[in-house]
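J.: Residue numbers (the numbering used here), protein chains in the order written: chain A, 1 to 138; chain B, 139 to 384.
If you're looking for bench data, these hints aren't it; they were derived computationally from the structure. Mixed in with the good hints there might be a few duds.
Claimed, not checked - In silico DSS-like links for lysine-lysine, alpha-carbon gap of 30 Å or less:
(1) Lys101(A) <-> Lys151(B)
(2) Lys362(B) <-> Lys46(A)
(3) Lys39(A) <-> Lys251(B)
(4) Lys71(A) <-> Lys205(B)
(5) Lys38(A) <-> Lys246(B)
(6) Lys39(A) <-> Lys362(B)
(7) Lys39(A) <-> Lys101(A)
(8) Lys39(A) <-> Lys246(B)
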Amino acid sequence: MSQHHNQNEIQHYYEGDQSKLYSGIMAHHTDLNSPESKKQVGRIWKVFWILLVVTVTEVILGMFFSHEMPKALVAFFFLALTILKAGYIVAIFMHLGDEIKSFLITVLIPLTLFIWFIIAFLADGGFWLFMNSTSPTR
Amino acid sequence: MSQATATTAPETKLWGGGRSPFNVSYGKIMMWFFLLSDSFTFGALLISYGTTRFFSAAWPDANQVFKSFPFLEGQNLPLLFVSLMTFILIMSSVTMVLAVHAGHYGDKQGVIKWMLWTIVGGICFLSCQAWEWTHLHSEGAWWGSFINAPVESFRHFFDHHKTTEAALAAHGSQATHDFYNYFFTITGFHGAHVTSGVIFNILILINTVNGTYERRGHYEMVEKVGLYWHFVDLVWVFVFTCFYLL
Chain A
1 MSQHHNQNEI QHYYEGDQSK LYSGIMAHHT DLNSPESKKQ VGRIWKVFWI
51 LLVVTVTEVI LGMFFSHEMP KALVAFFFLA LTILKAGYIV AIFMHLGDEI
101 KSFLITVLIP LTLFIWFIIA FLADGGFWLF MNSTSPTR
Chain B
139 MSQATATTAP ETKLWGGGRS PFNVSYGKIM MWFFLLSDSF TFGALLISYG
189 TTRFFSAAWP DANQVFKSFP FLEGQNLPLL FVSLMTFILI MSSVTMVLAV
239 HAGHYGDKQG VIKWMLWTIV GGICFLSCQA WEWTHLHSEG AWWGSFINAP
289 VESFRHFFDH HKTTEAALAA HGSQATHDFY NYFFTITGFH GAHVTSGVIF
339 NILILINTVN GTYERRGHYE MVEKVGLYWH FVDLVWVFVF TCFYLL
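Make a model of the complete structure from these sequences and hints.
T.: Put into structure tokens, the structure is as follows:
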């Protein structure tokens, strides 16, 4: 096989039929009624029910109990459930859980900046309120 | 033949060239990176909302602000309407992932069916949002509203058990003003994403009907707009928590 032909092939893989670059779940399938396909669809509906139950739990918590519970506990519950929902959407619906590990890490590492952003900005907001409410001019 | 073996090379040759080291096509990687940048835009908006809320001595209560439902005016139904909106968006995310699944199997009719339902879901969500915005606007809320407003005009947005009259008089106007500025900006920015998502979905549906992807041999475009659509759902999960629950 000549080098020239080889280059064309590579070009084709990247710009033509990109689906040939996939492996695993992303690969081409033909039988929609295969057990593998059915398993996938089953997984999608399972996640739907999880998301629904979590959302209903959140709404019930927000409607009836959030005012009687300590504020920090309410915030912890809501944020934990939100992260849970986000995880299911990204991992199953966006198929990130089916990508190879190096891609998963590439996408997720920049998001860890949020941990710092949230802590820094909310702490700043809280401090601002503290300074204002103790200021003698007010 | 050499290429065929290269694409199924063992892990050690992932970065050896001739294949995508991530097992993902260029277009999909770029969609992921765009969504990553978009998540920082939404993150910045939501974090600045949180910061403003943290430095406010009073804040409107979600159960008081969002308690109306179309055709059931005057009834106290906190969070019910937004629950419906959330359900619609989650449902449309499910139909989108089913369209992607049908695409993996080259099932043209399946893609058309599920894309149609996704578009219907998106339009329903936008209609709900339009109603909610109109309703809040009828209560006097908009960008820049409630500056130096009398306490009577915004008292009903606050929880009487948590906020004293003194705090309401001193900080209520500013807090209500801030709350609605952030509410309309963030849900508006999200709504703009939903709108463009619906437009993309319609374009992809037209291409599918015309057989463009059938001739191309794969339905990767459905996956790409699918990623975008799921991201819109993902953002809503956070908007829902920040505005309606916390």
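J.: Each of the hints needs a verdict: does it hold here or not?
T.: For each hint, the structure was consulted:
no. : hint                    : in the structure
1   : Lys101(A) <-> Lys151(B) : holds (15 Å)
2   : Lys362(B) <-> Lys46(A)  : holds (23 Å)
3   : Lys39(A) <-> Lys251(B)  : holds (20 Å)
4   : Lys71(A) <-> Lys205(B)  : holds (21 Å)
5   : Lys38(A) <-> Lys246(B)  : holds (17 Å)
6   : Lys39(A) <-> Lys362(B)  : holds (22 Å)
7   : Lys39(A) <-> Lys101(A)  : holds (22 Å)
8   : Lys39(A) <-> Lys246(B)  : holds (20 Å)
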